[in-house]
Amino acid sequence: MKKNYWKMFYNWFDERIQFEDIIQFAAKKYVPVHSHSIWYYFGGITLFLFIIQVVTGIMLLLYYKGSEDLAFESIQYIMTEVQFGWLIRSVHSWSANLMMLAAFIHMFSVYFTRAYRKPREITWITGMLMLFLAMGFGFSGYLLPWNELAFFATKVGTDIAGVIPVIGKPMLEFLRGGEDVTGATLSRFFGFHVAVMPAIFTVLLGIHLILVQRQGMSEPIGYENKPVTEKKTMPFFPNFLLRDLLFWLVVLNIVALLAVLFPWELGVKADPFAPAPAGIKPEWYFMFMFQTLKYIPAHILFMDGEVLGILLFSAAGLLWTSVPFWDRKTLRGEKTRFINYLGIFALVYIILLTVLGYLE
Amino acid sequence: MEVDQVKRKFLKYVLGGSLTALAAMILYPIIAYLKPPKTKSAEVSSVKIGKVNEIPNDSSIMFRFGTKPGILVKTQSGEFRAFEATCTHLDCTVQFKQDIGVIWCACHNGKFDLNGRNISGPPPRPLTPYKVIIQGEDIFVSKIL
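Here the protein sequences line up with chains A and B, keeping their order. Sequential numbering from 500 applies to the first sequence in this note's numbering. Sequential numbering from 375 applies to the second sequence in this note's numbering.
Do not take every clue at face value.
Partial list, computed: chain B residues near chain A (C-beta under 7 Å) [as the list claims (entries may be wrong)]:
no., residue
1, Y407
2, G495
3, P496
4, P500
Mimicking EDC-like on lysine to aspartate or glutamate, the simulated pairs with C-alpha atoms at most 20 Å apart in a straight line are [as the list claims (entries may be wrong)]:
no., chain 1, residue 1, chain 2, residue 2
5, B, K517, B, D432
6, B, K409, A, E647
7, B, K412, A, D826
8, B, K412, A, E572
Rather than coming from a laboratory, the hints here were simulated on the basis of the structure. Values in this document were obtained by computation on a predicted structure and should not be read as measured data. All C-beta atoms, glycine included, are put in the ideal place defined by N, C-alpha and C.
Use the sequences and the hints to build the structure in full.
Structure representation (structure tokens):
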């Protein structure tokens, strides 16, 4: 009896959706097994953390009030009055940080295995754009509690945008909603964080995931040309999927542990007329840029040091995003050490400057 | 074979049980979170509305009773009547309509007489009355217990 109802239910949908293609697709989908297979999981982990962000973010929206007078208080309310509010907020904050970490790992693993090469250029570009957007999510979300640290982080961050020649000043006013960081800035960042950026992100994510499904997993360059008999594969369904889910479960546990053991602090309400607190630091994924700007001298030749730094970072970001187009050797299937050295340099640079930033 | 079946069943229950427990562990905080905390509004037992001679005959004023709106009507003969101003039909707020001498709900044309009785339109029940107390010149309204 029970089986019959299930069958009826399934048939009703099957007649309308025709699951056949999807089942065929899933049954024929194989994941390459080799020494670098572990990196295949990090995209999924990033996706899982993003899902956590969406769910907890919508939940926070139920009680959050995005205004200068109420933002801090509404989060205080969430943390103290709402049942499990402290947990939801802490999960949102911790999972955001882990998502950045997972996204960086995913990006570097794709870089080093050259998974960006033809025909996956669009996947790479959408991925890079999502990474930049994720940083934007982190930056805009940081202001929403309207506490002291958030206030000054936003001042510094938007000020950096402001020093860019020509477009800097209008951009600063666009970001801040005026000359200074005020309630207007909070309203804007709130809008960016919960409406504008999720909308763009969803489109990019859709393209990214569809392409990954259509093109399958990229194989590392040395592995790719091996004879088929020497290649090992694993069925995507259910073998790879179950491993994916196992990783998700582990990640969920890490998030839960961090959120429970180290609930996210709220700090002190922002006071636009109070001095910046000592030892103020940006979030870790901005630290290497922040630290670089500190080291650059005030003036280099005819330019302000800051301007040069920002232009260099912009150029580096652009170069990195466009790597599938100028890495000609990989495109021809040749090995290129230069790409590895460049990647190692970037990685070491980021880690070193981040550590230096925290040691100071 | 027999043993295998037992093992399989055992594993099925362990796995199913774990997944159920996991789902419950995730869902419980979520459901608890969605339930809004009780708003701490002081329980109101009576409010002062105004002075007797400030309100002309055959008119009304609206007032706030705790979190709810109230309506005070002074009849042509100078009597005071007070009600919870929430229509018993679908929660709209009613008003005193001087030209036809009834308490009227604009949402669905519900009418109540000045005793709060539902006399026409969709409202199913009379308005909830308040007790009006006159102390000297002051008008107080309190709940009827």
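Exercise. So which of those numbered hints doesn't the model satisfy?
Worked result: Violated hints: 2, 3, 4, 5, 6, 7; rest satisfied.
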